[in-house]
Each structure stands twice: as structure tokens, then as C-alpha cells.
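Enquirer: Read off the chains here:
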Amino acid sequence: MTTNFTGLGRPVVDCDIHNAFASLETLVPYLEDHWIAYIRESHFRGPGANDYPGGAPTSARQGTRPANGPPGSDLSLIQKQVLDPWDVEVGILACGYWVQSVHNEDLAASLATAVNQWQIDHWLEKDARLRASLVVPSQNPILAAREIERFGDHPGFVQVILPVRSYSLYGKSEYNPMYAAAVKHDLAIGIHFGGASSLPPTPVGWPSTYIEECADMAQIFQAQVLSLISEGAFARFPELRVVLIESGFVWMPAWMWRMDKEWKGLRRDTPWVVRPPSDYVREHIRMTLQPMDAPINSEHLLQMIGQLDSDEILMFSTDYPHWHFDGPDDAIPKGLSDSLLEKILRENARAFYKL
Amino acid sequence: MAMTMLEEPEIKKKEKLSIIDCDIHNVDGYQSPATEVWVDYMPSVWEDYHLSIAGRRRAGSNCPRAVPFAARNDAFPPEGPPGSHLGFMQEQLLDTWEMDYGILNPLSPAGGQQNLEYGAAIAQAVNEWQIAEWLEKDERLRASLTVAYEDADLAVAEIERLGDHPGFVQLMFMARTMEPLGRRKYWKIYESAVDYDLPIGIHFGGTGIGPITGAGKAAHYIQDHGGMPMAFQAQVTSYVYEGVFERFPGLKIVLIEGGFGWVVPLMWRMDSWYRKLKMEVPYLKRLPSEYIRDHFYLTTQPIEEPSDPAYFEQMLAHMDMDDKLMFATDYPHWDFDSPDQALRYVSNRDVKKQIMAENARELYDLD
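If you read the protein sequences in the order shown, they are chains A and B. Taken in order, the first sequence gives residues 28 to 382; the numbers are from my numbering. Taken in order, the second sequence gives residues 23 to 389; the numbers are from my numbering.
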């Protein structure tokens, strides 16, 4: 495994860069006194999803761990390993700090506010190339809406980030206040790999291994897409924009066929779904490139990308510091036309995020 | 192909292919205790319970199905629920389509019972009923052996009781189980299944331990019905990553009514993650996709309907499992696939022949 931090030699918009911090101490300056006391006395260490086990090779490429703190915690290293070599015009930070797994919703809301202020101070104000994702307590959509109101006009935030593993599906009307606020502030919704909802991550209970959980994560994305469409989120919020981050994308063509077929037979149950589900996907949903889940045969991957029936769905990402590729050679599909490559590398994200 | 009304099949004689239907239902869930088609075969010790308290299952889904019994409008026999009347089914399905064989998959509530002993009693009743009223009455029929699969000992006892009966060609599991099926609690069943040369048939449905999605309850039938492939995918990942096929190299799994469009992306994904995380599953000796291609069979209904017919053959090429796909109608259900329509996007006649009958003939050792 050789780690190669050089880029493609052409500019990109990177839609998935992870910023992190070492411990809850980082947030102390942003928390009220009673929460600081609560944290110190209880030794509470923050939400623990463990969706990226520290030692798992996929959690961090070699060489991405700074001297003090976890991978993704040092801006200068991110500049050196991603922003500069990859010629990143805009880098979207996807902060996977899942306050959703903190069952005390008030604490979750305060942690979200603290993380967001920290993102402004330590990231957005330090590098003009960066944009960030708002962390919100989405387990309580009213509190989530309040958080969006608090920071939604800050030009650095381009989306609200949610873990794909939620306690209830994102198409449900209970999320209306959160989506209304997001649409009002012209923010996208980013649904990201991981989370810890306390529900089993599969329809058949708890898997034994992490690798199984990772592979099965794609199915939860499938469930969220079907929920968003069939439970009417796009009917209620026609301007809602959703990006699936780190979802893998090769499952989407077959999922669209399945949803369209089901809709033909069962659409009377959901009269607000007035077009085939795949239409909603192409209009409202985008997907980041990594992990590509690429087969050995690169022609097959190109055919799969063709089966998306859209040049606009995929948006480039490095998913730094996670390990999915070793260098620029295996970071993008081989054999793409230059015009499609340009869309994936820059144009689709520019249009989606209105950059 | 929702609500397909039965018409005279338009099959030109010279193009006629043999047909084996790998998914016919003679039982569909609970109706009411006194009128279950298999009730006369209930072990007597369980009769009172069956008629009084029975039916305490893990209610997983409260989405009403599209139509009564999820059945085609024209599939209601003169008596009993759709699918349960042999004569009516013979005429409407086996005779009409001149099928060589049909595999009966009873969707009984045996596996979903909280009371495991009672579940095993249901399994016995369904199996005895199938022998007496189906297998002994039509040579074209084979059946799946119902087992209370949430308890390996009870399931193995039923396999040992009837596994040698020539009419039973596989075991019957439902897709939504209490634990992913690769986990150890099910291993004794696999050991016994291999001994008796019975594949594990896993059919759409069941009630798991949580909601049908990894993120909560589904609101609409489209999410429940359309969501079932997620359960099948989770079972495949579990079987492979748990090393079940290293432990039981002779084990064969038949995925019934789960679709198959998801197989290719899942193989690619499982291989990709395996390359990075193989230290977690050191007992695996091959790529996940290789285990999948060797050990899994898939029935065709509901047939995949890509946005462009050309994608169908791309999918078959990516999948490279022409020898593992097996035609099924899902009679008498509303989403029936018609034998003259299902494979319309397959141009290669040899492949069509394999899928329509020959793969099943070989797997189930039929003449």
C-alpha cells in the first residue's frame, strides 16, 4: 500500500473531506458552563457511533494521522494532502459528528451548535476554499430547524449533514420543520454513511462484522431514497436537494428499475408521487464518487455509470482521510469522456451546491 | 406486470421452451386458525392452542398488501384461498403453460412464531399436508420443506423426519429472520441440509427482529414490498462474510422473489471492501463474488425491468450467473410473471432455455 497524495493535474470540487477533532475538550470553549460541568463530572466523551473504527485501514489512508489528533483534525495536513495537490477549488467538509446518537436532545443540540461554531472558527475562516456541513440534532427536527436558523445564512455552510442510520426514515413528515428551514436557507441535505441509531442496521438484525456493516450500509441508503420519494418529501419540498455521501453509487441503476417497477404496480398508495421514482432521483439526488465499489473490469463500471441515465448524478470526492484509492489512477473511473469527467469533477457540484 | 389477466399464451410451437416454475404458493400466511388449509394435519397436542391463543408472531409490517391475499383477481378458486386448490392451480398454471415441473413454496407462519415448539408443529402440519394433498396427487410437483428455522434443533428434527422424501427439494426460509442467516445459530441446519442434499430456499417475507429498513419503519406497501431486496442483500453479505461456505462447501442457497438487479453492485461492493478489510474475515479464501457465483441461485420473478432493454443483457454479463437464474411466476400473487413475457429482453436462446427450466432441472435433480 503506497500512499500517493498527488492529484489529477486538473481542478476539482471535492465533495467529501472529513474534519474531526481529538476530544470533547475542543468544544469546551463553545459550550455553556452547565454542559461543561456535566461532561467533566460524568466523563461523557461525546457521541460514539464507531462507524469508523480507529484502526480499520479504511478509516484512514496511511500518512493522514497528524502528530496530535485523529486523521482530519489538522487543517495544514489537509491542505498539504488534499487541497493543494488535488487543486481543490472548493472542498466540502463533511463533519461526521453524530449528535443524533446522544439521547439527551438538549445536549445534542448544544453539541451541534458548538461543532458548527468550531467549524466557522477553525476551518471556514482559515481557508477560503472550504465549505462546511451543518451538524444538527435531527432526532428532534424542531431543534434541528432551530440550528439551521442559527447558522443557515452563514455563506460557509452549504448543506445539513445527516447520518444514513436514522431512527426514523428521512421521508417522514416529522422532518418537515428541518427541511423547511433547509430550503429557506437554500441548503442541501447531505445523507452520509454511518451513524448509530440504536436500530439494527439490516432488515434481519445485527451483523457480526464491520465489513458486513459497511457492505450493508448501501441498503440503508436505498431505504432512505425510497422513503424520501414515496413518503412525499420531494412533493412537500420541491426545492429539496439531497446528496448521498459515501453511499457508493453502483447500486443506484438497479434500485431505480426496482422503484419504478414497484411504482407502476402500487402508485395508488402514494398519489403524490406523480412521476416514476427515477425521475425524482435524477432531479433531486446526487451521489459522491467515493467509494466507487469498482469491479476489475473497468468497462463494466462505465456501463454502470451509463445505466444511471444521467451525467449529472455523480460528484467527485476524495473522502479524505478514508482509504478507498491509492492515487489519482484509481480515484476516478477509467475511460470517461472528457465532458462527463468535467461534470463529475466540477460542474455537477457547482450546480448542485450553487457555488 | 401487475394484475396480469390470464389470456391464451401465444407461444409458437417451434419456439416453445420447457418451463419449470420455481415459485408457486399453496399457502400464504395466516388466515384464521380454524380454516387453515393444513389444520387437519396439526399434531393433536397443539390443536387447542392453535384454535385459541395461536398466532403470536412478531408483527413486523402493518402495511396492507395491494389486494386480498396479494393475489391476482382471477386466481380465486371455488373454495379456499388463492393457490390452495390443486385442481384450480393445475388448470390455471401447470396445464395452461404446459409446465414440466412446479416448485411449491408454502408461505406458512412456522418460522415466525415466538413459540418455537408451536412453529415446529405448524411446519409438521404443512409438510404432511403437502405430501398427502399435493405431492401424491401430481407428479409435476415438488415442494419446499417447511422448518421452524429460528431454532436449529427443531429444524434439524424436521429435516431428519422428512428430508429423504423425494418430493421435498429444498428447505423453506423467509427472508426476514431474527439474525442474519450467516450467524452460528443457524449452522446446524446447514450441516443437516448438506447431508440431505437440500438447498436452502429463502423467500420474500417474514418478520425480523426490527423494522424492514436499517433506519426505521416503512409507511407504505411500496416500501415494504420494494424494500425486501434489502433483506436479501443483508443475507448474502452475512453468508459470505461469516465464512459459511468455507465451513459448508456443499451448501446451496436459492433466493426466491428477491429480484436480482442488486446482485452485481453488491458483488462489486463486497469485493471492494474485502480487499481493504480482509483481516477481519481471515477465514475467507476467495473473493466474495466467487462465493456468490458458486453458491447462490436466484429466481427471476419479479423480473428486472431496466429503463433501457440493453441494460438487461449488460446486467447478465456483469453478473455471469446464467447457470444460476431460475424462472418463477409467483403464482397466485398479483405480481405474477408470465412465462411468455418475463425473459423478453434475453436474446440468447440457450440462456433463455437454461433460465426457463434447465438450471432448476439440474439443481433439483428433476427429469
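Since the hints were made in silico from the structure, they are not lab data. Backbone N, C-alpha and C define an ideal beta-carbon position, used for all residues, glycine too. A few of these clues could be false.
Pairwise CB distance ranges, derived in the manner of DEER restraints [as the list claims (entries may be wrong)]:
{"#": "1", "chain 1": "B", "residue 1": "P331", "chain 2": "A", "residue 2": "V301", "range": "45 to 55 angstroms"}
{"#": "2", "chain 1": "B", "residue 1": "K207", "chain 2": "A", "residue 2": "R72", "range": "26 to 36 angstroms"}
{"#": "3", "chain 1": "A", "residue 1": "V301", "chain 2": "B", "residue 2": "V373", "range": "33 to 43 angstroms"}
Sample of chain B residues at the chain A side, in silico, Cβ under 8 angstroms [unchecked claim]:
{"#": "4", "residue": "G232"}
{"#": "5", "residue": "A237"}
{"#": "6", "residue": "S260"}
{"#": "7", "residue": "S329"}
{"#": "8", "residue": "D357"}
{"#": "9", "residue": "L365"}
A short list of chain A residues far from chain B (calculated; beta carbon distances all over 12 angstroms) [what the hints assert, rightly or not]:
{"#": "10", "residue": "F48"}
{"#": "11", "residue": "D114"}
{"#": "12", "residue": "L151"}
{"#": "13", "residue": "R156"}
{"#": "14", "residue": "R173"}
{"#": "15", "residue": "R192"}
{"#": "16", "residue": "H212"}
{"#": "17", "residue": "M244"}
{"#": "18", "residue": "A281"}
{"#": "19", "residue": "G292"}
{"#": "20", "residue": "Q334"}
{"#": "21", "residue": "A378"}
Enquirer: Hints first: check each against the structure and report whether it holds.
Expert: Checked hints:
no.: 1; hint: B:P331 with A:V301: 45 to 55 angstroms; result: violated (25 angstroms)
no.: 2; hint: B:K207 with A:R72: 26 to 36 angstroms; result: holds (33 angstroms)
no.: 3; hint: A:V301 with B:V373: 33 to 43 angstroms; result: holds (37 angstroms)
no.: 4; hint: G232; result: holds (5 angstroms)
no.: 5; hint: A237; result: holds (5 angstroms)
no.: 6; hint: S260; result: holds (6 angstroms)
no.: 7; hint: S329; result: holds (6 angstroms)
no.: 8; hint: D357; result: holds (6 angstroms)
no.: 9; hint: L365; result: violated (16 angstroms)
no.: 10; hint: F48; result: holds (25 angstroms)
no.: 11; hint: D114; result: holds (26 angstroms)
no.: 12; hint: L151; result: holds (30 angstroms)
no.: 13; hint: R156; result: holds (28 angstroms)
no.: 14; hint: R173; result: holds (23 angstroms)
no.: 15; hint: R192; result: violated (6 angstroms)
no.: 16; hint: H212; result: holds (25 angstroms)
no.: 17; hint: M244; result: violated (8 angstroms)
no.: 18; hint: A281; result: violated (3 angstroms)
no.: 19; hint: G292; result: violated (4 angstroms)
no.: 20; hint: Q334; result: violated (5 angstroms)
no.: 21; hint: A378; result: holds (23 angstroms)
Going down the numbered hints, you'll see the structure goes against 1, 9, 15, 17, 18, 19, 20, while the others check out.
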